[in-house]
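A.B. asks: The listed protein sequences derive, respectively, from chains P, F, Z and Y. Heads up: the first sequence begins at 40 in this note's numbering, then just goes up one per residue. Heads up: the second sequence begins at 99 in this note's numbering, then just goes up one per residue. Heads up: the third sequence begins at 6 in this note's numbering, then just goes up one per residue. Heads up: the fourth sequence begins at 4 in this note's numbering, then just goes up one per residue.
It is worth saying that the hints were derived from the structure and are not from the lab. It is possible that part of the hints are untrue.
Chain Z is faced by these chain Y residues, among others (derived, beta-carbon under 10 Å) [what the hints assert, rightly or not]:
#1 Arg111
#2 Gly375
#3 Arg458
#4 Gly515
#5 Arg604
All residues carry an ideal CB built from backbone N, CA and C; glycine is no exception.
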Amino acid sequence: MIGLWRKIRRTGRVAEPAPPAPEAGPAAPALSGSVQIRHVDAGSCNGCEVEIGSAFGPVHDAERYGARLVASPRHADALIVTGPVTRNMAEPLRRTYEAVPRPRVVVAVGDCARNCGVFAGAYGVVGPVSEIVPVDAEVAGCPPRPEAIVAALRGLTGR
Amino acid sequence: MVHAIQLLNLAAGALLLTAVLVLWRRELPVIVRVFAVQGVALAALVAALAREEGSAELAAVAVGCLVLRGAVLPWLLRRALAGAGEVQRETRPVINVATSLLAAAALTLLALAVSRPLVDLAPTPASRAVPFAIAVVLIGFLVLVTRRHAVSQLVGFLLMDNGITAVGFLTTSGIGLVVEIGVALDVLLVVLVLQVLTGRMREAFGDTDLDELRELHD
Amino acid sequence: MSALGLVGGLLQAVLVVGGAPLLLGMMRQVRARLEGRAGPGIAQPWRDLRKQLRKETITPRGTSEMFRVAPVLMVAMTLVVAVVVPFVGTASALPAVADLIVVVALLAHGSVAIALAGLDTGTAFGGMGASREVTILALVEPTALVAIFALSVRVGSTSLPEIVGSTLDDPARVVSPASLLAAVALAMVIIAETGRLPVDNPSTHLELTMVHEAMVLEYAGPRLALVELGTAMRLTVYLGLLANLFVPWGVATEPGVPALLVGAVAFAVKVGALGAALACAEVFLAKLRLFRVPELLAGSFLLAVLAVTAAYVLG
Amino acid sequence: MNVTGVALVAALVAGFGGGVAGLVVPRTVRPVVVGACVAAAGALATLAGVAAMAGVAWSAALPWLLPLTGVELAVDPLGGVFLAVTGAVAVAAGVYGIGYARGGLDGRAVQAALPVFVASLLLVPAAGSIGTLLVCWELMALASLLLVLAEHGKRAEVASAGRWYAVMTHLGFVAILVGLLVLAGATGDGSFAAVREQARAPETAGLVFVCCLVGFGSKAGVLPLHAWLPRAHPEAPSHVSALMSAAMVNLGVYGILRVGFDLLGGGAPWWWLAVLVLGAASAVYGILQAAVGSDLKRLLGYSTTENMGLVLVGVGAGGMFAASGDAVLAALALTAALLHVVAHAAFKTLLFLAAGSVLHGTGLRDLDAMGGLRPVMPFTTVAFGLGALTASALPPGAAFVSEWVLLQALVHGAGSGTVVASSIVLPVAVGAVALTAGLAVATFVKAFGVGFLARPRSAAAAEAHESPPTMLAGMALAGLACVGLAVLPTVVLPAVAGVAGGVTGSGPAVTGAVTIQLTGVSGTMSPLLLVAALAVATALVAAVVSRRSARRARLWDCGGGPMSARMEYTATSFAEPLQRVFDNVLAPDQDVDVTHYEESRYLVRAVAYRRTLRDRVEHRLYEPVLAAVRGWGRAGRRLADGSVHRYLTYGFATLCGLLVLMVVTR
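Excised from the complex, chain P in its bound form:
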């Protein structure tokens, strides 16, 4: 315990200073500084998940802008969807979207989610996220940088 305390003292603050706020998106006024997010892996290679984890880690600390990952789509305002939508995940993705109370937004994170990326045309893939549910924001990259993910989320929270 004392060791942990020392480590906390030594480490101090690891969060990087906040970059200037990006332009607030159309959903920001309704959400007013608080976005709860349910993450849906629609068939990703887990590269984007690592970056999302990093965006919510201490260094980028997306939580400081009012974004928070939650356990249930009922609690969520936004879905962040990664990966090309596979056949098995198409219906669950649709249902997850239905489970979110309005107003709701969908963020497609990563090239696969935007346009199937390297998996385009694969036999198990239905298509990009926008073919299944309406997408409000996109984050490009394979995988996208955590800064980009954080910037997209700040566009939702408006902070």
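Since the structure of chain P is already known, use the hints to place chains F, Z and Y on it.
C.D. replies: Using the frame of chain P, we list chains F, Z and Y on its own:
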């Protein structure tokens, strides 16, 4: 005077609380640390008595207690632990921890019941804390009975000794410096012997789980 | 029903409802800072609530009235407790309800309402959360009542105004072993009942480890806001109870704006300090396995018994 | 003859008249006539009981009615409480029975036995002499046995339950008989008034008390004599279960109070310590079994054991305080006990009637197979929910009030009596009461949440139908009693407190019209204000949350689904954590069978899980006794092999033996 009594009460409470913690925790290093705290609490108790009676002899005993039970014995135990090998936890006590905690609750109530005549004999602030000391003795015995690891058994034995010492001080307001020194030396000797034994056991069986000794009769 | 009680009760209601989300935000902020983060600021829970209140309500198919009224009931019961317990002044708005046993039972009833709502959804997670919640509730009860017994033996009453008043009259009692042991036992009760570490992880996302969260997975929008507000209020009320049972300093003894102001500030400071301490401690703790929790509760029961013993032995 | 007497006699006439009517009237109107008679008897008895509590005592001696002892009736305030409670339960059960009997229970024997059973229940607390008490007790046992066996044609378990009940109730009767005959032996006529005057040695008194504790305790379902209760109560028709669980068990408590406090006039502290310890053990053990059980009616039976345990904690504490000379506290503890008797009668009637309604509508008793009854049986669901709320002793509820008074007695008792009593027994009792309350919450959350909410887990539950109006009316009466006791317990409290004060010889320990005010010790609580505050707060919170229409959506099933009923939590899985926590106490037998596919042992074909929970006390205590009895039986069979010569030889040998004995001793 009020403060001395309050300190006495707090020290008695701490004595019992640490005994309970020894029963509660599984990690042996933590148990040893808790035992050291108990030594300090016992020393504080003796110091409070010394202050109340203004006795220099008792004050000296308090210092002795602090050194022996707060520092030397825990240090020896840590050494025994270092020699005890990989297993630094009381992995599977004879009865599970929740049950032994409930048993400790029952033992405390028992101590309260049996010590009532003792307290009624001489109802001073010091003797009113006797039930706590007796409870420490009983809990020490419980540790001795229900724990398998040699080091935690050693701690159980030392808990009993702390409890007996506390009873002695609380009932007679001091058993004399010489007696205390004699007892202290005995305890020290026992610990040293047991430490050597644990070391030997480990060399012989590669473990200090006392249940292994059952196989000796073959 | 006195003037002090009435004014204090209203003030408390405002303080608890307004302050509970801030307490939660402060605790999250403390935790974030200790983890090296910047943190969202202490007003974040309020932002969350504001947004949720504006969102759409969803009623899952197959749920009954229980699901709909449970959040309202939970908040209402906590609100009653927040009004009647002497937090700000020594008098209570409803002295005939400000009984320690009544208050503890009312708070337990709040969790029962949510547990029934969890069962009402008929999902596996709802049932699982409800089952765990009531198991913990059942095992906490003996500790809570024996600790209350230890506290009320010396006062000769379970009435909260009387206990607080008697501690104010004789502050030296606070450092007696009986009172300290009872405080530790009650603190454990509070940790278990409010679902904090190491009994439950309030920020978990993994359904299988959830206790409280698992019951409320179906709630959305305003009802979710009520559940979250209720949870925060429960935490505030419990911490306030702990603070005023053991360190009732600053509590107003007569009506008057300055005294009430001092009382309100003292209440906020005490609850804030306890909350910060709890948040700090949580950084160092890992969640216990569910079947280790009874061990913790057996330990807290033992402490409560020791408190009773100490109350008899040492006075 | 005063109002008590008139009402009681009228009630008895209605009861026995109902019995005759059950034999003679045609089948089509039989349930209506019998139900009306039972309800009338109940209502009149309630009137008699209330009048007796108000101080209108009545007694009568009818020496010609029975040979040897005659019949002596005497209604005093203590008997009045039990008369009133029994009567009130009978009203609800009688009305309910009209509809319930249509399902094959309208046979002559059953319909005739029911009013007679009610009449015998009324006679026990009205008995004024030891002989009368014993006769009425036996009548009650026989009538209830007949009713327990009512459905023996439908289920095989009924016969076994009847056997258990018959044997244990008669063993209990023997214990009472021995105790009371020792008590009556010294006096001529055995009337209570004469027994009270009689002086006796403490050892004799102790013997009498222990015998009566065993006998009456077995009727109250006290550990370890409870084994018959969770068998017999569930197997009886539901309105009879209600009468047994809410009225008959109370008479065990009545017996202990009557003998201990009244006839023996208090006694040694150890008597009451024994009562308290037995009560605490029964409470914890009973509710623990209820918490892990999944048969709804059996669960309610175990809950009866629990509640009688709580009552006996109050009785024991009261006796201990009285023995140490603290009459005010004793009155407080007894008030708590009597109030809990009243509250328990109200909610247990309601719960058993609601369980009967479920049985009627679905044919189910197994909670695991229920669920989703809310849309199909709304009235029953509300009724059971109300009963469950009361039974779990949460505020606002009738049982919460009585447990609050009980806890007040225990807390304030800390300063009284010997140190061992106050410093060890009372905290342990508080812990036991608290654990009981906690487990009761778990039990009834399970029973209500799993049984009535959620979604149906079997076809029978999905196709359930609501019960006929008379059954609903019976439940409504019991429900009104629950609500009334929860909101305004102060209506009955002064009367109950007066009775308790009369028993211990002090004034009433509780007063107050809106707020319950303890006398002599500090403590106030107001259920009415609590309910009002809750109502205001609920209205306030509900008003703040905007009333926009909600969107209906499918359950969140993680995107998969649809979720089947098999994925729901059942009563067994709900109780599993508790069962694991109390593993050492419950010692369940568990079996997990995993079968694999032939191709690989990593591919699981099926997993079978089986759990049997035996009542451990029964298993450890009764089975050895039964085995020993069976052993004697075998030995006996060897001795008695049917040969006439052998029997003559036994007679001859005995004769010779006796002659030798005479020669030697003379």
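A.B. asks: Okay, which hints does this one fail, numbers in order?
C.D. replies: 1 and 5
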